[in-house]
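So you can see what is in the structure, the chains are spelled out below.
Number of protein chains: 2
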Amino acid sequence: MRDAFHDDLDKITDQLVEMTRLAGSAVSRATTALLDADVHLAETVIAADDELDTIRTELDALSIDLLARQQPVATDLRIVVTSMRMSSDLERMGDLARHIAKVARLRYPDSAVPPALSAHILQMGQIAERIVAKAGSVIASMDSTAALSLEQDDDAMDELHRQLFDAILHDKTDLPRETLVDLTLLGRYYERFADHAVSVAQRVVYLVTGEYRSELDLPELDHEEQEDSRVAL
Amino acid sequence: MRDAFHDDLDKITDQLVEMTRLAGSAVSRATTALLDADVHLAETVIAADDELDTIRTELDALSIDLLARQQPVATDLRIVVTSMRMSSDLERMGDLARHIAKVARLRYPDSAVPPALSAHILQMGQIAERIVAKAGSVIASMDSTAALSLEQDDDAMDELHRQLFDAILHDKTDLPRETLVDLTLLGRYYERFADHAVSVAQRVVYLVTGEYRSELDLPELDHEEQEDSRVAL
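Residue numbers (the numbering used here), protein chains in the order written: chain A, 54 to 286; chain V, 54 to 286.
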């Protein structure tokens, strides 16, 4: 029975890593679609989100089945419950990438992002891609020290988000209102994407160390504290 | 053993209902703080969010403990897992109310909402308050038909959100950029608050009917489909 259990756990881990790969691909393509005003690419991101949703549903079903059949306790129980939370984070990251793609589709044939801010949004997209790739490595390796390096990427994302608001509010050119709305939402989508990736990594730390720090338990709060202050800019 | 299990389940239900009460109070007071530029009231909302976070942490610990000690299967297992998801939704609703309160605090002594849109935001706040109260009743009664009535409130919220974007984009007055950013984010906070309340109610439907409809499984997607189209305005 224990072997079957660990086979299932391996399957869950593999699927979580696959979800990080899909979420990373989605945010990368969504960013390109946004900056190149590539509506076909945007459509592929929007369509591909179903796959992430399906994996998440299957993973949750497998987890519940595992709980019922194997009745794990202690660490094994914690791993299963935590995996369900990770799949929820990763599914949400897919949604956020899809939101970005939808902004691209909405403004086609224009780009939603003014040329002066293209490099800035590109950087946010690259950090998003990097942070989810790292989250995947952390899940695969269960290396809790590697999880810490995501925090630096998240700090960089915070800084870019702050600068984006700065640019929105103080740009000397006459930005159309649609652009202000789009950029406000895009900033939030990238920021939340990174928050969820950090949350995934922190859950691995929790599994390895067995310690709930308050920020592990409620990771979103931590990050959004910073985010809120950025709106103040 | 079964009695102890059901005592614990009753406790979980009571705590979930308490969370709906706290989230409702938070969004109601946040809306008042926003419209009256009442910074003290905003501070109470921001401070009170800790209580929701604490209940959520305790609830999750109780649920995991319950899984380990009682090893429930079938419906009982489903209830425990679903309860953890509900507490996650409700905790997030508290975060969103706190975000609204932070916008109020940020713009003090001004109101973040221009007078012409006060009545509109008030309506969004009232629907948010009503929908979470209904979610509480649905949890307490386990009445899956009552859950359907939340969808109507959510439709009303969708319509108000759409109208808000319309107002932002087509208002004839010279709205400051800060106001455009604030209103874009506030609209999203209220909309997401309602989405999570619907998600809570749909999880009760799932428990009662035992059927995963795709929108029960992934409730956010459904609602955000509509939301995205609103950004198109």
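If you are wondering where the hints come from, they were derived from the structure by calculation, not from laboratory data. There's no promise every hint is true.
[As the list claims (entries may be wrong)] Computed, partial: chain A to chain V, Cβ under 7 Å:
no., residue
1, T97
2, A121
3, V126
4, I132
5, M195
6, L222
7, K225
8, L233
9, V234
10, T237
Positions of the beta carbon are idealized from the N, C-alpha and C atoms, including for glycine.
Hints, one by one, checked against the model:
1. T97: violated, 17 Å
2. A121: Since chain V brings a Cβ to about 5 Å from A121(A), closer than 7 Å, the hint holds.
3. V126: For V126(A), the interface hint holds, since the closest Cβ of chain V sits about 5 Å away, which is under 7 Å.
4. I132: violated, 12 Å
5. M195: violated, 20 Å
6. L222: holds, 5 Å
7. K225: violated, 12 Å
8. L233: holds, 5 Å
9. V234: OK, holds: V234(A) within 7 Å of chain V, min 5 Å.
10. T237: holds, 4 Å
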